[in-house]
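Starting from the known structure of chain D, arrange chain V on it as the hints suggest.
So you can see what is in the structure, the chains are spelled out below.
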Amino acid sequence: MNLLDLKLRARALFAPKRVERELDEELSFHIERETQKLIEQGVAPADARRQALARFGPVPLAADECRDQRGTAFIDNTIRDLSYALRTFARAPLASFTIVATVGLGLGIVTVVFSMLNIFLFRIDIVPDIHEMFVVERPRDANDEWPRFTRPQFEAMARETSVFAGMFAEMSDIDTRVDGRMMAITLVSGNAFQVMGVRPAMGRTLLPADDDRAAPQPVVVLSDRGWERRFGRDPKVLGRTIIVNGAPHEVVGVMPPGFRGLSVSAPDLWAPLSSLVEFRPIHRGREDRVGIGIIGRLKPGMAAGAARAQLDAWESQSAGAATDDRSARIVLVPKRGTVPQPLEALVVFSPLFFSFGLILMIGCANVANLLLARGMSRQREIGIRLSLGASRRRIIRQLLTESLLLALAAAAAGFVVSRIAIDGTLAALLPSIPPDIGNINIAAPPADWRVVMFLIVGAVISTASFGLMPALQATRIEPARTIRGELIKDARPGRARTFLIGLQVAASALLLICSAVFLRSAFASATVDPGMRTADTVIIEIVNEPKRAAMMEALSSDPAIVEMAATWPDLLGFPRGALVQTAEVKRTAAYKMVGPEYFGVLDIPIVRGRNFADHERAAPVAVISETMARTLFPSSDAVGQVLQIDADPNSPTRRDDEPSLPARAFTVVGISRDVAGFRITDMSDAGIFVPASTDTPRSSVIARVNGDPELARQRLLDRLTIIDPNMGQILTMRTMARMETYFLTIAFWVTLVLGALALALTVSGLFSVLSYLVEQRTKEIGVRMALGATSRNVTRLILSQTARPVAFGLLAGAGLALALATLLIALPAAGAIADIIKVTDPIAYAGSLLVIVAACLLAAAIPASRASRLDPVQTLRQE
Amino acid sequence: MPHATPDLLPGTADLLILRTLQTEALHGWAIAERIQQISEDVLQINQGSLYPALHRLEHQGWIEAEWAVSELGRRAKYYQLTPSGRRQLAVETRDWERMSHAIGRVMKLA
Chain D
1 MNLLDLKLRA RALFAPKRVE RELDEELSFH IERETQKLIE QGVAPADARR QALARFGPVP
61 LAADECRDQR GTAFIDNTIR DLSYALRTFA RAPLASFTIV ATVGLGLGIV TVVFSMLNIF
121 LFRIDIVPDI HEMFVVERPR DANDEWPRFT RPQFEAMARE TSVFAGMFAE MSDIDTRVDG
181 RMMAITLVSG NAFQVMGVRP AMGRTLLPAD DDRAAPQPVV VLSDRGWERR FGRDPKVLGR
241 TIIVNGAPHE VVGVMPPGFR GLSVSAPDLW APLSSLVEFR PIHRGREDRV GIGIIGRLKP
301 GMAAGAARAQ LDAWESQSAG AATDDRSARI VLVPKRGTVP QPLEALVVFS PLFFSFGLIL
361 MIGCANVANL LLARGMSRQR EIGIRLSLGA SRRRIIRQLL TESLLLALAA AAAGFVVSRI
421 AIDGTLAALL PSIPPDIGNI NIAAPPADWR VVMFLIVGAV ISTASFGLMP ALQATRIEPA
481 RTIRGELIKD ARPGRARTFL IGLQVAASAL LLICSAVFLR SAFASATVDP GMRTADTVII
541 EIVNEPKRAA MMEALSSDPA IVEMAATWPD LLGFPRGALV QTAEVKRTAA YKMVGPEYFG
601 VLDIPIVRGR NFADHERAAP VAVISETMAR TLFPSSDAVG QVLQIDADPN SPTRRDDEPS
661 LPARAFTVVG ISRDVAGFRI TDMSDAGIFV PASTDTPRSS VIARVNGDPE LARQRLLDRL
721 TIIDPNMGQI LTMRTMARME TYFLTIAFWV TLVLGALALA LTVSGLFSVL SYLVEQRTKE
781 IGVRMALGAT SRNVTRLILS QTARPVAFGL LAGAGLALAL ATLLIALPAA GAIADIIKVT
841 DPIAYAGSLL VIVAACLLAA AIPASRASRL DPVQTLRQE
Chain V
1001 MPHATPDLLP GTADLLILRT LQTEALHGWA IAERIQQISE DVLQINQGSL YPALHRLEHQ
1061 GWIEAEWAVS ELGRRAKYYQ LTPSGRRQLA VETRDWERMS HAIGRVMKLA
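Each protein sequence line maps, in turn, to chains D and V.
Every letter in the first sequence is one number past the one before it in the numbering used here, and letter 557, counting from 1, is 557.
Count along the second sequence from 1, add 1000, and you get the number used in the numbering used here.
So that you can see chain D by itself, here it is in the shape it has in the complex:
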C-alpha cells in the first residue's frame, strides 16, 4: 500500500459519486475520440460511433473492472466479517448472550470500584495548566505533627520568594451550619481564583478587594453543588444572602459545574480568608496563628525541584522559623484535585478491586468453559472454511471481529450494570445512614470518559483472553482431520475445565467466608454492652464560646432534657493524657473532666465511695474507675487517697485550647464501674474523672432525653440553631452504639451480594459443564448400563467428576481466607479490627463451605439424574 493508493481509496470511499462521474467521463471520452478518428478516416458519423463502441466492447464491464481496482475490499471484508459474526451469534444466541451477560456483569461490578477510584485518583480538576499548581508543605516533624503555615508566613513567602507566578492561601473543610444546614466551606485569599485562572458561570469570583483584613467584604461564591443544595439552582441567586453566624453574606458568583477548587470534592462555597472569624468564631483573636494551606502556580519554565530549593532556602533564613530540625524540608506536592497520596489510596482500594474482580474472573472462567465446550463445533466450522481456501489470516480477522463485537456488547452491558449497581447501592445505603452522623453527601460518581475507556479496555481484555485464545488455537488444526470429526489433542479440555471449576469454587468460598465472618461479627457486636446508657442519651457539641451561656440556659430549660452533664473532651474524643502520681505508683493515664451528673446520665454506677457533690464542680476531688483504682492503689483502698495529675505536655492528645485542671492534687472520693465503651473509639481509656461544670470552656454536653432520641435531637437542633446558627453537631448515643454493627452490616451485605453472585455463576458454570459432559458421554454411559452398571453407579460417576474440583476449590478458598486473615491480624493497624471482626471464626468458615457444597451438589444433581435415567437400548441405537 502506498500513499497514492491510500488517497485513491479514500476518495473512492468518501467521494464515491465524484469518482463514478470521472470514470464515466474517462470512458465516454475514449469512445468520442475513437469516433472522431473514424470520422477523420472517412467513416460516416452515424456509423463511426457504432464502430467505436463495438471496438471498445461492453462499457459497463470495463467500468466494473475499473471499480474492482479501487481496493475498497477492506471495507467490504469488514462488513462481511460483521455480518458473519452476527450470523454466528444468531445461530448460538444463548452462548453469545451468556458471554455478554457474564462478562458484562463482572465488568460492571469492577467498574463500580473503578468509578470510585476515578474520583480520587484520576479526575483532575478543570483548571488551566493544572500541572503548574503545587501545595507548599512542611514535612511531618518528629512527633508526627504537621507544622502548618500561618497567614503572616504566607504573606511573607509571597513577598520574599519568586518561584510562583501567583500563590494563594486556603483553609478548607470548614463545616459550618449555614441557614441551619451543614455546609462545607473553603476560605481563600482574595487572589485564589485569579491564580487558578478560572471564570465563574455567573456573577464574579472573589477578588483581592474582598479579602481586606481590615474590612472583609461579606461576600461568598457558590460552587455548582452549593448552588444546587442551598438555592435549588435558582437563576436569580446573585445578590441573595446566606446567614452565617447571624451575619448576612451576599452571593456574588456561581462557579461552573466540574470546578472543584483543586480538591477531590468541591466545597459548597468559597469566602474570603479574612472572614475567618465569621465562619469559625473559635479563632477570634488568634487569626494569625491558624494553620492555612499555601497553593502556588509555578512560574513558566520553573522546575519543581528548583522551586523547592528556593523555598527551602527562604524558610531557613526567615526569622522565627523553627530551625532546630533542618532535616525537615519544604515539600511541593502537586495539587490536581485528586488524592495527594495515590499509592496509599491504591492500597486502600486494592482489596475492594480484588474482591470485585473475583466476580469478573469467575464470569470469565464460565465463558472460557463455555467456549472450550463450543470449541469442538467451532473447530469443525473453521476446518471447513480452511479447506475451502480461506487463509488463516482471514479467519483470525473474522474471529477478532467476533470477539471485538462481543467485547463492545459486554462493555455496554457492564456500563448498565455499573450504573444500576451504584444507584442501587446508594438508594439502599443513604436512607440507612443515621441522620445525626452529619450531612453525608454521597452523589453517584459520574461516568466520564475514563470510566468508558476502562470498560472498553476491560471488555476487550476479558473477551480476548477468554474468548479469542481458544478460537485461535482452533485455526492451527488440520482441516482434513477435523472435517472427519477427529479433534486435535489440545482440544480435549478436561484438565482446563477441572481447573477452572476449582478456581471458581475457591473464589466463591473466599467471598462467602468473608461475608459469614462479617455477619457473625455484626451479631456479636450488636450484643456488646458498652457499659453505659445509650438508648436515650445525646451528645451536644458546643463550638461557639460566646454563645455558651445562652445555649446552656436553653438546654437546661428544655422539657426534652431530663438531665445533662458537662464533659471534656466530649464522649467520643480521646481522653487527655497525663502523668499521674500516687503514693505507690507513677505512670501515665488518661483523664476526663465531667460534671457530677455524668455518672447518672450514663447510668455508670459508683461502686464505692460517692459521686461529686453538686457544689464540687471545681473542687480538687476525683472519681476513678475500678481498673484505675487497682492500678494506682494496688495495695490499699483508693477512696480517700490523694493523686497528683500533671497534664502531659507531650501527649498526642494535647490541645492548645484545653481547659486547665482546677488543681494538681486530687482526693479520690469514689470508684466507678469500668466502662467498656465503644470499640470503634478509644473512650474506655479514661479512668480518672475530675469535676467540671457546663461553664467549663471547650466542654460539651451529654444529656438524657425524653422519648425518641432522634426526635429530641431534631427538636434541640431547631431550638439551638436559633441561638447559634453555626452550632456543632448533636449526636445520639444510640447511633454511636449501632455504628460498629452498622459498618459490619454494610460489609456483610457487600460481601454477601458478591459471594452470592460468585456462587450463582459457579453453579451455573458447573451445571452447564456437567450437562455437556453427560451429553458427550451418552454413548459411553449407555454401554456401561448395557454391561450392567446400575443407575447409582452412573450417578456416582457423574458426581465424582464434580467432587475433585469442588474439593480442591473449597480447600484453596478456605486456605486463602485463612492466609489473608493471618496477614490482616499481623498488620499493626489491624489490632483494633481484630477485636471486632473474628477473622478466623470456625463457624463462619464451616457454614459458608457447607452452603457451597450444597449448591454444587444441587448443580450436579440434575445432569447426574438425567444420566442415570438414560435408556441404554435407545442410546446405543442412536449410533
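What the hints contain is simulated information worked out from the structure, not anything from laboratory work.
This one's a predicted model, so the numbers in the text were calculated from it and none came from an experiment.
The C-beta atom is built at its ideal place from N, Cα and C for all residues, glycine as well.
Each hint should be verified, as a subset may be incorrect.
As the list claims (entries may be wrong) - Ranges between beta-carbon positions, derived for each pair: (1) Asp1041/V to Ser391/D: 41 to 47 Å; (2) Asp1041/V to Arg50/D: 20 to 26 Å; (3) Asp64/D to Arg1105/V: 38 to 44 Å; (4) Glu1066/V to Pro60/D: 22 to 28 Å; (5) Ser391/D to Glu1066/V: 45 to 51 Å; (6) Arg394/D to Gly1073/V: 28 to 34 Å.
Structure of chain V alone, referenced to chain D:
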C-alpha cells in the same frame, strides 16, 4: 482478471503502457493508439481492458492521473509515470529483455 488481449503475452500490457508513458503524459485513447502505431498495428490493446489496467497501475502508485484539456477541446484524464513507475519500468524492461533473449536462443538452437 484479464489485463490484456489474448494476442498479447500475459503481463506485457503493463510494460507497454509504462513504456508508452515514459516520455510524456497521455490519455487512455492515445496510449492505445500509440502502441498500435509504433508496433505497426501488430500489437493491439483490447480497448475495454485498457482502463482496468490503467486504474490498477494507478493504485500501485506507478502512474498518476491528472485532468487536462485534450485535442478535442474537452477534459480528458492524462496519465504520467511516477518515480516508482519509472523504477518499475526499468525492472520490467530488464526482465523482458532477459526473457526475449532466452526465447530467441531457444528458437534458434532448439
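Status of the hints after comparison with the structure:
1. Asp1041/V to Ser391/D: 41 to 47 Å: Since the Cβ atoms of aspartate 1041/V and serine 391/D sit about 44 Å apart, the hinted range of 41 to 47 Å holds.
2. Asp1041/V to Arg50/D: 20 to 26 Å: 22 Å, holds
3. Asp64/D to Arg1105/V: 38 to 44 Å: The hint (38 to 44 Å, Cβ to Cβ) holds, given that aspartate 64/D and arginine 1105/V are roughly 42 Å apart.
4. Glu1066/V to Pro60/D: 22 to 28 Å: Given range 22 to 28 Å: holds, Cβ gap about 26 Å.
5. Ser391/D to Glu1066/V: 45 to 51 Å: Since the Cβ atoms of serine 391/D and glutamate 1066/V sit about 37 Å apart, the hinted range of 45 to 51 Å is violated.
6. Arg394/D to Gly1073/V: 28 to 34 Å: Violated: the Cβ-Cβ distance is about 49 Å, outside 28 to 34 Å.
When each numbered hint is compared with the structure, violations occur for hints 5, 6.
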